[in-house]
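Student: Take a look at the letters that make up each chain.
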Amino acid sequence: MHWQYLFRRLTLTAVTLVLVSAVTYSLIGIAPGDPAELVLQKQLGQSPTTEQIETFRAKHGLDEPIHWQYLHWFGDLLKGDLGQSYYHERSVSELLMDRLPVTVKLAAGGLAVSLAVSLPTGILSARRPQGLADHLSQTIALLGVAMPNFWLGYLLIFAFSLKLGLTPVYGSGTLAHLVLPSITLGTGLAAVQTRLLRATLQDTLGAEFVTAARTRGLREWLVVGKHALRNALLPLLTVVGLQLGFVLNGAVVVEVVFQRPGLGTLLVDAIFDRNYPVVQGVTLLAGVLFVSVNTVTDLAYGLIDPRIDVGGDPA
Amino acid sequence: MQQTLSRRQLLGGVAGGAVAMTAGCQSIGAETGGGSKTVALSQSLTSGDWSMYGGAAPYYSPMHETLTASSHNFSEIEPWLATEWETVDDTTWEFRLRDDVTFHNGEDFTADAVAQSLSALLADRPLGWAKVTDESFTALDDRTLQIETVARFGALAGTLSHPLFGIQHPSSYERPIGTGPFEAEAVDADSPLETVRFRDYWGDEPQLEELTFEGISDPTTRSTSLQSGDIDASFEIPRQDYELLSANEDIQVRTKREPRAGSAMVNLYNSPTDDADLRRALNYAVDQQAIVESILSGIGAPAKGPYPPMIPWSAHDDLPAYGPNLERARELVEQSAYDGEDVALHVSSDTPHMQLIATRMQERFAEIGVSSTVRQFGRGSFYTTEQKANSNLTLIELGSINGAADYLVRLQFHSEGGDNAALHESEGTGLYNLGPDVDDLIETGDRALDEETKHEAYREVQQRVMEEGVLVPIYYKEYVFGQRANTTGPQMHAVPHMTRWTEFANE
Numbered sequence: 074m075h076w077q078y079l080f081r082r083l084t085l086t087a088v089t090l091v092l093v094s095a096v097t098y099s100l101i102g103i104a105p106g107d108p109a110e111l112v113l114q115k116q117l118g119q120s121p122t123t124e125q126i127e128t129f130r131a132k133h134g135l136d137e138p139i140h141w142q143y144l145h146w147f148g149d150l151l152k153g154d155l156g157q158s159y160y161h162e163r164s165v166s167e168l169l170m171d172r173l174p175v176t177v178k179l180a181a182g183g184l185a186v187s188l189a190v191s192l193p194t195g196i197l198s199a200r201r202p203q204g205l206a207d208h209l210s211q212t213i214a215l216l217g218v219a220m221p222n223f224w225l226g227y228l229l230i231f232a233f234s235l236k237l238g239l240t241p242v243y244g245s246g247t248l249a250h251l252v253l254p255s256i257t258l259g260t261g262l263a264a265v266q267t268r269l270l271r272a273t274l275q276d277t278l279g280a281e282f283v284t285a286a287r288t289r290g291l292r293e294w295l296v297v298g299k300h301a302l303r304n305a306l307l308p309l310l311t312v313v314g315l316q317l318g319f320v321l322n323g324a325v326v327v328e329v330v331f332q333r334p335g336l337g338t339l340l341v342d343a344i345f346d347r348n349y350p351v352v353q354g355v356t357l358l359a360g361v362l363f364v365s366v367n368t369v370t371d372l373a374y375g376l377i378d379p380r381i382d383v384g385g386d387p388a
Numbered sequence: 002m003q004q005t006l007s008r009r010q011l012l013g014g015v016a017g018g019a020v021a022m023t024a025g026c027q028s029i030g031a032e033t034g035g036g037s038k039t040v041a042l043s044q045s046l047t048s049g050d051w052s053m054y055g056g057a058a059p060y061y062s063p064m065h066e067t068l069t070a071s072s073h074n075f076s077e078i079e080p081w082l083a084t085e086w087e088t089v090d091d092t093t094w095e096f097r098l099r100d101d102v103t104f105h106n107g108e109d110f111t112a113d114a115v116a117q118s119l120s121a122l123l124a125d126r127p128l129g130w131a132k133v134t135d136e137s138f139t140a141l142d143d144r145t146l147q148i149e150t151v152a153r154f155g156a157l158a159g160t161l162s163h164p165l166f167g168i169q170h171p172s173s174y175e176r177p178i179g180t181g182p183f184e185a186e187a188v189d190a191d192s193p194l195e196t197v198r199f200r201d202y203w204g205d206e207p208q209l210e211e212l213t214f215e216g217i218s219d220p221t222t223r224s225t226s227l228q229s230g231d232i233d234a235s236f237e238i239p240r241q242d243y244e245l246l247s248a249n250e251d252i253q254v255r256t257k258r259e260p261r262a263g264s265a266m267v268n269l270y271n272s273p274t275d276d277a278d279l280r281r282a283l284n285y286a287v288d289q290q291a292i293v294e295s296i297l298s299g300i301g302a303p304a305k306g307p308y309p310p311m312i313p314w315s316a317h318d319d320l321p322a323y324g325p326n327l328e329r330a331r332e333l334v335e336q337s338a339y340d341g342e343d344v345a346l347h348v349s350s351d352t353p354h355m356q357l358i359a360t361r362m363q364e365r366f367a368e369i370g371v372s373s374t375v376r377q378f379g380r381g382s383f384y385t386t387e388q389k390a391n392s393n394l395t396l397i398e399l400g401s402i403n404g405a406a407d408y409l410v411r412l413q414f415h416s417e418g419g420d421n422a423a424l425h426e427s428e429g430t431g432l433y434n435l436g437p438d439v440d441d442l443i444e445t446g447d448r449a450l451d452e453e454t455k456h457e458a459y460r461e462v463q464q465r466v467m468e469e470g471v472l473v474p475i476y477y478k479e480y481v482f483g484q485r486a487n488t489t490g491p492q493m494h495a496v497p498h499m500t501r502w503t504e505f506a507n508e
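Just so you know, the protein sequences line up as chains A and B, in that order. Count the first sequence with the numbering used here and you get residues 74 to 388, in order. Count the second sequence with the numbering used here and you get residues 2 to 508, in order.
Note that these hints are calculated values from the structure, not bench results. Quantities reported herein were computed from a predicted structural model and do not represent experimental measurements. Be a bit skeptical, because a hint or two may be false.
The list that follows gives simulated cross-link-like pairs (lysine-lysine, DSS-like), each with its CA atoms no further than 25 angstroms apart [what the hints assert, rightly or not]:
no., chain 1, residue 1, chain 2, residue 2
1, A, Lys115, B, Lys389
2, A, Lys236, B, Lys38
3, A, Lys132, A, Lys152
So that you can see chain A by itself, here it is in the shape it has in the complex:
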């Protein structure tokens, strides 16, 4: 790994995050709906007066042009201040710190489930194309992609919570609370991973070095597990990295169905409530997570395949 490469990536990351925050601020700023009216309506139980709206706007700087609002927000961000939620009387940082662990656990659970499903089924499918396992995995993958998260969540609740009484319906306190949400989230991820692994592993299994390994008399599991799989894992790693970045999307639905107070529900509520500082905070955090995961993924290439020189001269 080259330090210059890392520096370039970090600089690019910073620029990307600034752009993301500016675009987010602009989009939510031009969206119809006044935060002052929405917040006050909730607080007061009826439409606020013009005076009350003006006071709220002045207090939160909403009476300034949108670009000044953004610059003030950005200035505060450089001082480590993400602002104050309009609704919660809490700082955005506190809210994020409260919600982040819930979403991280869900993402980790979903990823674990997806890999637990995709690795064996992908390998089985690749080894026996058009066999029973392959057809079965294709069907599962199709269902995994096609079935909406919320629907799968309800089905799992019906089966495992209502009928079998094995898991709680909702909540986030214990490991048992994580089982169904992880399966719900992981199934969709697994579907894509399985198909990708099947395709890449099939290619790899036909490669010369695999044939050579077989002719050396290596056992089949060693050929597949050590030689072929290692090469097939690189594309899978790329996809898993991207999927983790997008897990926030799926997490929204899963968090609602299983009543998990994570970042997804925080963001959706903030968007509907026009809670600008919270929208900005979650978006920024999601951006940081997304870029970080992808940077780590890139760096991991070198570990999986030492022939890859991450950040090296392409020539």
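For chain A, the structure is supplied; the task is to place chain B on it using the hints.
Tutor: For chain B alone, coordinates are given in the frame of chain A:
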């Protein structure tokens, strides 16, 4: 390793020890019950800006109590922390307070504490509809509270039963300290609200030892959690689950009519609904009974006016009957100046049943030759769009969660009411105001200290509103409350927020 005990653990331990010690003797707790229960609400009580109440919304509060209460059928205002009240002059009221009440922190409940509590509330949260300000409250002595309204206001006693007027001890807003039957054990943001029985409660002692309120936003999850036994009771069970849950012997479901109605507000100044004949035609076209039966699963009642009959001054029985009558509707369309212009129906994405209702109305309008478009908006843009007066019909659900629903009339139909004053102005009237005569009637009702004058003025408003087609009534709301079959109580209240939790118990 040092280990700290939570209050719940401590109580559990003490209770367990006591039961063990008295085993074989008289059963402890036989009179007062015990145990813990969890109630699901559609939103968390610990999210949002509730600093005045120590971080917990006063809604559904078993912790905070109000000076007055609404009877369970919404028919009258009853004494609660105040035993009696009277008007001294047009704007001055005196409330006599109970003398056997203690706050959760052990301090006496006094008029001075009430005055401080309500003043702080109004300073923090000016509530124009309540006609009081932070300077309205004075303690005349330990037991007498004087309230000065900003104008003559007959609905003051009922207004004070709103959960927002729950009395919080003024010494601290850091934690909820009220006088209610349960006191807060833990108030953490976005977490379930845990309460325990208040031993010195002035009223009937609560049956339960612990009561937890859990916010579960997804209706299906509330329903399944009740079926699985993860929770013991739930408000806002989806209507479509009523039959399913009724057939489940582990669950009991009940419904109760609310002082709340679903309606389509008709923009008087936006073409083509600026034509009174067309507005009446739209009224004739809508089949409320069919909507209630098919879309609301039969839970609720077809509406005839803006307010359900349970509101004491509702004019439900005196209002003109529109139909449904498609033939008459077609005649009125012919009679109107309608030229085929599209009627815009605005609906919020937060209310899926309203989207279905809007679609059903659209079909009916097509049958009378009126074309329409359903436009759906997120809650962030719904009201803004209405304010810009882009709609013709806006589907809303509106009601009261205090004993006096007077503010609804003003809110909806007075030119300075919240839903008019803040909206796009046309001819100085807002969207739903019929002019100065209606304003006068509303003010007469608002000021009246006697019920007869108020009822007559509000009746006249409702009659004119319906005759001019300012509103298409749709349904009077019923809510569904589900609970595990092994629980008893509570008595259902017309306003779900006012449920009294002392009766909720193990069977």
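Student: Are there hints from earlier that the structure breaks, and if so, what are their numbers?
Tutor: none
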